[in-house]
Amino acid sequence: MTELTITVLDAVPMAVLELWGDPAPAAKRLAKALGHALPAAGRAAGPVMRLGPTTWLIEGDHAALAKPLGEGGALTEVGGGYARIRIAGAGWRELLMEGGLFDAESPDFATDCVATTLIEHVTVTLRVESDAACLAYVPASHAGDLLHFWRQARVLVAA
Amino acid sequence: MSGVAREGATIGFTFDGTRYLARPGETLAAALLANGVRLVGRSFKYHRPRGILTAGVEEPNALVTVGRGGRTEPNTRATDLFVYEGLEARSQNRWPGLAFDLGAVFGLASKALPAGFYYKTFFGHARTWLKYEAVIRRAAGLGPAPTEADPDHFSQRALFADVAVIGGGRAGLLAAREALRAGKRVVLIEQDAVLGGGLLRDPREIDGQGSAGWIATVEAELRSGGARILTRTTATGHWDDNMLCLAQKLVEPGQVPGHGFAQRMWHLRAGEVVYATGLIERPIPFANNDRPGVMLSRAVRTYIRRFGVVPGRRVVVATTNDDAYETARALRDAGAEVVAVLDTRPAPAGADSGFAVLNDSVPQAAKGGRRGVKGLSAVIAGAEQHFAADLIAVSGGFSPAVHLHSQAGGALDWDEGARAYKAGAARQAARTVGSAGDPPASGAFRPVGNAKASFLDFQNDVTLADIDLAWREGYRSVEHVKRYTTLGMATDQGKTSNLPALEALAHAGGMTVPEAGITTFRPPYTPVTMGAMAGAAQGEHAVPTRRPALYAVHAAKDPIWLNAGYWKRPRAYPRGSETLAQAGLREARSVRQLVGLTDVSTLAKFEVNGPDAARFLERICATTVAKLAIGRGRYTIMLREDGLVFDDGTVWRLGENRYLLTSSTSGASRMATHISYVRNHLMPEAKVSVICVQEHYAAIAVAGPKSVAVMEQLTGEAPPRHMSASQPTIAGVPVHLLAASFSGERAFEVHFDARHAAAVWQAIDDAVAAAGGCAYGLEAMELLRIEKGHLVIGPDIDGRLSADDLGMGRMLNPAGGYIGHSTLHRPAFAEPGRKQLVGLESVNGDSIPEGAMLVPHLGARAEGHVTGAVRRVLGPGHIALAHLADGRARHGQEIYARSLTRGHTTRVRVVAPHFYDPAGERYRD
Amino acid sequence: MLTIACPHCGPRAQAEFVYERTVDSVVPLDAEPAEAVAALFTRANPRGEDDEIWRHTHGCGGWLVMRRHRVTHAISAIRAIGPETLP
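Residue numbers (the working numbering), protein chains in the order written: chain G, 1 to 159; chain E, 1001 to 1925; chain R, 2001 to 2087.
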């Protein structure tokens, strides 16, 4: 079994895309610009991750999306508000059950699946990167607490 | 080393300081019995000597304290504790010692302590109770709780399953295997250390294998198939939607956990729950049925067959059913003498058993004291007879463990043959299998012993006489009888006593048992350690801590911290030996006279974008918004739908259709919900995007007469005038520079991407320091804002005042349309006597107690209260903000600020709530 | 502890959701004063089923209307509310 690692990733620009009114036309233009459709609820595709009914999180540079978005919605910078924490190793699912409510051990929670849930009282968005790693998007103010929690609970995984 | 030498006994443990040896896999109860220890504890109320009654979690007698220091666990059942090397167990509720206990005089005087004793004795003035309480508390009770903090960690973990099987006996193993073979995600929960349940007591051949082999085969299949097996795990509560709490012992009570975690609380959500929870055997009420040496029949069998410990040599078996004959066989096979089997049922019950069976036999009284029983008298077909014995094995029938089924809303059906309740229709997706669904038949009988010494609830010392007394005194509801007598209210929750008590109640009332009713089964099934419920929420982690982006920058200055909600914020940055008050005053004076900077990152912030942004904001904000020019901002307030003010902030027009809204730190999550509600429920068609950027933007306020010069130097351009905004860069970082003030001085808020927090702070800090200023914390902010008459959400804006009450009536949007406008014309808003915001000045120069009530003269009714009080920053004197009935019309009056809790009363003058630069001259450049 | 089927996320633990209000307590924008007062202060509060507004606050943030039995907690219907959304 590979060792379970908990790593804070370097910051990247991030923005929330929100569509208003009839979302279909803007979504079509954005799909063309992105090279893929905006992901459905609970899914991620490339740098885009569905957050809520009308919102997506875009990681990295999003300047190219402003034009196709047009008047169909807004892009709002949010990168300063999140810490991205990668939990990698075979035990990542087990670790995410600690203090949790969400079924991260379900085989249906597979690569590019996304879920926002509570872990140890903190609202966290999870994105499955592969069977061996998951990214957690943690409100920056809670990151210190949650890192401490995960590092302490790590001894329990497969213990 | 004491006790009995046994082969394979290698684990050293102590009981009351004496060292013994146990075999691996033995419970403390088994090990004590093996070592000849029969007296294990003293009872709760009467200090009666007690031994071991059961071999499971239902044990009411053999409660011990284990562990040392913060790991001490009181009231641990010796029957539910597996011995480990170094285990330290101590008996409870005795002084000076277990064998000679002075408290036993309570037992001699038991006539004086009937049901309702406390109520009757202390019915009177509370002072009377207080006088007796200390004595009672010392005399009655179990193990004391430890006073040190528990050094261990506790885990809480989520668990999901298609099928959850509770109980790892034969029926549970079969149910788990069947579910696994059907392709289900399975979890099997067993409170014992090993699987097997009743098979450990009564081995038999299954599928051509012996019990041990069969259990191992099934366990292997389950494990290899991916089923999760949790041993030492108790399903303690069954809640809605098949959510169960499981308490798992990762180590035994008092044991030092290698990885630091002692227990885990699982939160299980299951598609289907299978109760394979088995049966709980009932004792028989007779005089002195609580003496060491009276033991439940199946427990006797368990000690003999599972643990190889024979708890007596001359045994009387007393039963209402067939099952106890198996115990008689186990005793005989183990070489013990079965003196007689006393069967309450008439002949021919037991006739073909090969034992000396006496039918129509009801036990009357056990003989013998703390060293154990010496015999039993019984009434046999109307005649009394005595038997010498050192062990009395009793079986009063079997009650299915329906606790979880009942907690989950399931119905209970009375089984007349078994004289027990069994699971009826389940309300959730759950079913009962195995013996729990099919309890064996049991005869009915009438107790014949002295009722005052015939115990029902061994743990709370409740006797048959107590039930009779409760009935005679008029208690009819079983729930009332329970509370009056405390029956079933001990930590064992009456597992062994409830049914015998219901039989007694039914008899007293001339009813059937179902007519007597039944008390509610409540979680937890067995006691749960507080730590398991707290999980990681211990000590400094008891609540989440939110650290602002500048946390490390502040920490380097070693400030005095304030826990503001979940946020950790600097309260002051003391220099040298400065106190909080001294540091706060110095920092505030720096702002008044020069310049200061402070972290305001925790403010709620929302970016509002879209063609409908202004229209949306004019719903949220009770002030005008649409009239703002690009680059301008304004102070704003927000109303609830009932017209009361609940938050305030500033709104800035950053572009044609782009706004930034700030609101209070303390109301941030409430405001986020409010905004989301309005957007989603009331204005779903609006072309607007509202994104919370509270954490994206770090924010630094720079305030003081020199703030303009500092900002000009930092940005290389003329800073915006008051309530205007610009977008320069500081330290190469693009910022929103908002000219707003919360201090009474010309000031700016700098909002920027929080990832650059340290660099921007450093640049501003350097510039402020060069101008002679310094950083200030919440203490200085409080001094400054109260003097200026700025309000905070919570104390000042407390959700009970209208805009008019706060003196902000003229700020309201005259066009209406904002949330809360519809209800502003309620008559209550125009009635006299409303609390209004005022200022207070100390008449004598004395400090004003925060939170004090305001009274026109001492002894009068409170007409308001002080919401915030400080000393003046530069001049002498003390000032405050307050809510006062009809306050605006009372300017100039002198009244009292009276705090009984602080023991401080002072005379104050009512004034306008602006103590500093009321005209706002200092905002003009 | 209920399991609530979020219209966007599927079944999730109740702790992710926050109860906000009953449907009959909604004050429409530009409500007449009497209408607003009635919604705020005189609500049905039935012993039985009621329509409640919840938010998946610690999940997708979406809003939903849930028909829930106040005695048994049984949820008989859930629908999303809010702007038009993509799947």
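Don't read these hints as lab results, they were simulated from the structure. Incorrect hints may appear among the rest.
Stated by the list, open to error - Which bits of chain G does chain R cover? Going by a derived footprint, with three or more residues having C-beta under 8 Å, they are:
1. 5 to 13
2. 19 to 29
3. 35 to 47
Where a beta carbon is used, it is the ideal one built from N, C-alpha and C, also for glycine.
Are at least 3 residues of the stretch 35 to 47 of chain G within less than 8 Å of chain R when you compare beta carbons? holds (count 4)
Counting residues of the stretch 19 to 29 of chain G whose CB is closer than 8 Å to a CB in chain R, do you get three or more? Holds: 7 residues of the stretch 19 to 29 of chain G have a Cβ under 8 Å from chain R.
Within the stretch 5 to 13 of chain G, is the number of residues with a Cβ closer than 8 Å to a Cβ of chain R three or more? With 0 residues close enough to chain R, the hint is violated.
Checked against the numbered hints above, the structure breaks only hint 1 and satisfies the rest.
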